[in-house]
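Protein chains: 2
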Amino acid sequence: MTKIITISREFGSGGRQIGHMLAEKLGIPFYDKELIKMAADDIDIEEHIFEMYDQAFMDKHETVHDILTYTYEVPMSDQIFMAQSRVIHRLAQHGPCVIVGRCADMVLKDEQCLNLYFYANVKKRVQRLLALDGLPEENAKKVEQKVREVDQKRKDYYQYYTGNEWGKPKNYHLCLDSLKAGMDACVAAVTAYMAYLG
Amino acid sequence: MTKIITISREFGSGGRQIGHMLAEKLGIPFYDKELIKMAADDIDIEEHIFEMYDQAFMDKHETVHDILTYTYEVPMSDQIFMAQSRVIHRLAQHGPCVIVGRCADMVLKDEQCLNLYFYANVKKRVQRLLALDGLPEENAKKVEQKVREVDQKRKDYYQYYTGNEWGKPKNYHLCLDSLKAGMDACVAAVTAYMAYLG
Chain W
-13 MTKIITISRE
-3 FGSGGRQIGH
7 MLAEKLGIPF
17 YDKELIKMAA
27 DDIDIEEHIF
37 EMYDQAFMDK
47 HETVHDILTY
57 TYEVPMSDQI
67 FMAQSRVIHR
77 LAQHGPCVIV
87 GRCADMVLKD
97 EQCLNLYFYA
107 NVKKRVQRLL
117 ALDGLPEENA
127 KKVEQKVREV
137 DQKRKDYYQY
147 YTGNEWGKPK
157 NYHLCLDSLK
167 AGMDACVAAV
177 TAYMAYLG
Chain E
-13 MTKIITISRE
-3 FGSGGRQIGH
7 MLAEKLGIPF
17 YDKELIKMAA
27 DDIDIEEHIF
37 EMYDQAFMDK
47 HETVHDILTY
57 TYEVPMSDQI
67 FMAQSRVIHR
77 LAQHGPCVIV
87 GRCADMVLKD
97 EQCLNLYFYA
107 NVKKRVQRLL
117 ALDGLPEENA
127 KKVEQKVREV
137 DQKRKDYYQY
147 YTGNEWGKPK
157 NYHLCLDSLK
167 AGMDACVAAV
177 TAYMAYLG
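Just so you know, the sequences run in chain order W and E. For the first sequence, counting from 1, position 60 maps to 46 in the working numbering; every step adds exactly one. For the second sequence, counting from 1, position 37 maps to 23 in the working numbering; every step adds exactly one.
Since the hints were derived computationally from the structure, they do not count as laboratory data. Bear in mind the structure is a predicted one, so any value in this text is a computation, not a measurement. The C-beta atom is built at its ideal place from N, Cα and C for all residues, glycine as well. Hints are supplied without guarantee of correctness; some may be wrong.
The following label-pair restraints were derived from C-beta to C-beta distances [what the hints assert, rightly or not]:
#1 E:Asp142 x W:Gly120: 43 to 53 angstroms
#2 E:His80 x W:Asp119: 20 to 30 angstroms
#3 E:Leu121 x W:Ala126: 52 to 62 angstroms
#4 E:Gln138 x W:Glu20: 22 to 32 angstroms
#5 E:Gln138 x W:Gln145: 19 to 29 angstroms
#6 E:Asp96 x W:Ala117: 43 to 53 angstroms
#7 E:Gly13 x W:Glu97: 22 to 32 angstroms
Taking lysine-lysine and the DSS-like style, the derived pairs with C-alpha atoms no more than 30 angstroms apart in a straight line are [as the list claims (entries may be wrong)]:
#8 E:Lys156 x W:Lys(-11)
#9 E:Lys128 x W:Lys95
#10 W:Lys110 x W:Lys19
#11 W:Lys11 x E:Lys127
#12 E:Lys127 x W:Lys166
#13 E:Lys(-11) x W:Lys95
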């Protein structure tokens, strides 16, 4: 049975949490930000620089690229992506796991993975995030703006590193609306589907 | 529990067959071409003209549109779509069912539906169609061309009548690769997900 699960997700959809629930149910490791640390070890870059870069990519790609690349032949962004990709391959070879983000679906395209994409209506995602942070309704507009911004950044990141369109079904095996029937429903659907994989 | 299931599907993905399996498992009716007959009754158009039109739309939209519309104030294509939409609404009000195609997901957008989209790798769909028709591998190229043509027509039809992009996850609640884990896997995943719907 395929046990390497990659997860792509819209911001606020709960895809990360569903990944965690899946990992727990299947008794396999769950990776997201830990990847950064492991990748940093892999190419001997100080972890704080790595994290700074990683955050900065999400804030403004071009500027950080300009700042960090002048001392490297290969752009820093690409070095980091390649290092993370090596770590993802290593994890996949090591055994079953759940990997969130980092274009893992494309990095592992030749492996026997199950690629998942979680999404949901923007208004529902905003309500979920407001509830999670205990924020009143008056923050809805601001949160919605944040949701759209993060989605756009994830889309750009995916497009930049894979050349493919983020959120297009053909890149995944299952795409699930996480807030129509709830997170438990998603876990149930994915495990039911997986049971048939050779 | 939501029991009105709409199905959109890439050509050769087996989405229609999965719809049939779902209807059987849930003990509810299954509709596809029957809709045409019911819609014909609804607006008193001779069934054979209806079927001729419907086939012709798939062959070449413009010509048929030209031929059939000159006697109507509202274009024939739109009359038929509206009639089919009325039938779809009637079916949905009557009780649980599975409806394949005809933009039923958008026609029923205010109802409590579960909208599914089935897709699969083009090469795998070609192999499935060759096997279904007992055709040798040398027909693969021709079948692949047919697959791409029918997909394009479905995309155009959906775009024309709904203004939305066919095959974009946000239009559906679950998108499933039907040929990764097989049709039984899809039925299992959908029913597992449905079990959580209020």
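Outcome of the hint check:
Between aspartate 142 (chain E) and glycine 120 (chain W) the Cβ separation comes to about 47 angstroms, which falls inside the hinted range of 43 to 53 angstroms. At roughly 44 angstroms, the beta-carbon separation of histidine 80 (chain E) and aspartate 119 (chain W) lies outside the given 20 to 30 angstroms, and the hint is violated. One distance hint, 52 to 62 angstroms for the beta-carbon pair leucine 121 (chain E) and alanine 126 (chain W), holds here, with the actual separation near 56 angstroms. Look at glutamine 138 (chain E) against glutamate 20 (chain W): about 43 angstroms separates their beta carbons, and that is not inside 22 to 32 angstroms.
The hinted range of 19 to 29 angstroms is satisfied by glutamine 138 (chain E) and glutamine 145 (chain W), whose Cβ atoms lie roughly 23 angstroms apart. For the hinted restraint 43 to 53 angstroms between aspartate 96 (chain E) and alanine 117 (chain W), the CB-CB distance of approximately 25 angstroms leaves it violated. A C-beta distance of roughly 40 angstroms is found between glycine 13 (chain E) and glutamate 97 (chain W), which places it outside the suggested range of 22 to 32 angstroms. Only pairs whose Cα atoms come within 30 angstroms are accepted, and lysine 156 (chain E) paired with lysine -11 (chain W) is accepted, the gap being roughly 27 angstroms.
The hinted pair formed by lysine 128 (chain E) and lysine 95 (chain W) meets the criterion: a straight-line CA distance of about 28 angstroms does not exceed 30 angstroms. Restraint check: the Cα-Cα separation between lysine 110 (chain W) and lysine 19 (chain W) comes to about 25 angstroms, which is no more than 30 angstroms; the hinted pair holds. With a C-alpha separation of about 43 angstroms, the suggested pair lysine 11 (chain W) and lysine 127 (chain E) falls outside the 30 angstroms cut-off, and the hint is violated. The straight-line distance between the Cα atoms of lysine 127 (chain E) and lysine 166 (chain W) is roughly 40 angstroms, outside the 30 angstroms bound, and the hint therefore fails.
For the proposed pair lysine -11 (chain E) and lysine 95 (chain W), the alpha carbon gap of about 36 angstroms is over 30 angstroms, so the pair is violated.
In the structure shown, a violation is registered for the earlier hints numbered 2, 4, 6, 7, 11, 12 and 13, in ascending order.
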